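Hints in hand, dock the two standalone chains.
Same order as they appear, the protein sequences are chains A and B.
First residue of the first sequence: 6, per this note's numbering; consecutive thereafter.
First residue of the second sequence: 167, per this note's numbering; consecutive thereafter.
Keep in mind the hints are simulated off the structure, nothing from the lab.
Model, not experiment: these values are computed from the prediction.
Warning: the hint list may mix true and false statements.
As the list claims (entries may be wrong) - Derived pair list, reagent style DSBU-like, types lysine-lysine, alpha-carbon separation capped at 35 Å: (1) B:215 to A:73; (2) A:29 to A:83; (3) B:215 to A:83.
Claimed, not checked - One side of the interface only, derived from the structure: several residues of chain A facing chain B at Cβ under 8 Å: (4) 36; (5) 47; (6) 50; (7) 63; (8) 65; (9) 66; (10) 109; (11) 113; (12) 114.
Even for Gly, the Cβ is constructed at its ideal location relative to N, Cα and C.
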Amino acid sequence: DAGVIQSPRHEVTEMGQEVTLRCKPISGHNSLFWYRQTMMRGLELLIYFNNNVPIDDSGMPEDRFSAKMPNASFSTLKIQPSEPRDSAVYFCASSFRSGFSNQPQHFGDGTRLSIL
Amino acid sequence: AQSVTQPDIHITVSEGASLELRCNYSYGATPYLFWYVQSPGQGLQLLLKYFSGDTLVQGIKGFEAEFKRSQSSFNLRKPSVHWSDAAEYFCAVGGNDYKLSFGAGTTVTVRA
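Bound conformation, chain B alone (with noise of 0.2 Å):
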């Protein structure tokens, strides 16, 4: 079964600084990797996904996230945070079959 970690419980970062965010993967195979962001009150909204190809992806909210296979990970990045960017983020990993798995999230916090 595949696992996943999300090291950083909660991060702050001021705004129009960069953002990077950890997410680490166990699956014995070619893994389906998802990262969610979810706002208070809000359910999980899809900000990018990777299946095969460019390890380099880019989702919305001008997010981006790598895959590197030699070290398991998939981590989120951004640029230049704004305020709205205050949420949790969530990894997923996917295999195949139907399930995902979450991880515990990381809180964002973006201070002024």
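Isolated chain A (complex conformation) (with noise of 0.2 Å):
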């Protein structure tokens, strides 16, 4: 079975720039997490899609990071424009039914974000 896949793996760019990262999560899980991962502040849940609804969004940082879910396998989260204190590893993550935190979560690989 495939897992969830992320890309770009890494990414590098400049201030200001536009960066989108996309996820395709595992085929039949309706629940998909976006996190950052910081040395400072570990893992936070960014926004949370319930069959490809947001559902929960009090994570986003601000107003430059938006995220969107057209269908159940594909999900995008964008930021426009970057800044250097984005620079982060952010993840997806997929899981199967929905509501509850007992349906463990599937993780992606990852993408390595650095804002020049």
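Right under this line is the structure:
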């Protein structure tokens, strides 16, 4: 079975540029999560989708961040404009069923983002 | 809201020795508990989970964890570590919603 697939694996870009991170969840999973991992703050939940609908975006840092899930097999996280403090590893995770955390989340390998 | 504390930031263990990683959680009801492992440059991989029933749970790669309600703990153990177990380990707790709260992680170094 294919796991959660994220692209790109690495992204280096200059401040002010638009960055788009992509995620393909595991087929059949209807919950999708975007996380950010930094040394200072650890793993932070940015946004949670259930059945392609954003349920909780309270973790999105500011308006520069946006996320979409146009269908069950694809999601994007966009940063526009990017800033050096956005440098982090961004993970996408998916799980089966919804509303409860008793279903384990399956993580992609992440996108390591560096904003110069 | 639930929370997790992993008291040890870094542990060094000799290859072949036993390993125990501590995890303490805070949650008012019966929690859902997980241990994940993250190798360098990789995502988080699920090692094991506890939902209910037997408080000693077995996972992949020879790991096990024991849920102790009285101590609000869910410690991870392995009887004999291999060099490939060097990684960062995260404990996570969930409740009756979709959120998982992750600990800060424990980095394990294995020396020959």
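Status of the hints after comparison with the structure:
| no. | hint | verdict |
| --- | --- | --- |
| 1 | B:215 to A:73 | 30 Å, holds |
| 2 | A:29 to A:83 | 15 Å, holds |
| 3 | B:215 to A:83 | 32 Å, holds |
| 4 | 36 | 6 Å, holds |
| 5 | 47 | 5 Å, holds |
| 6 | 50 | 7 Å, holds |
| 7 | 63 | 10 Å, violated |
| 8 | 65 | 15 Å, violated |
| 9 | 66 | 17 Å, violated |
| 10 | 109 | 5 Å, holds |
| 11 | 113 | 5 Å, holds |
| 12 | 114 | 5 Å, holds |
Of the numbered hints stated above, those contradicted by the structure are hints 7, 8 and 9, listed in ascending order.
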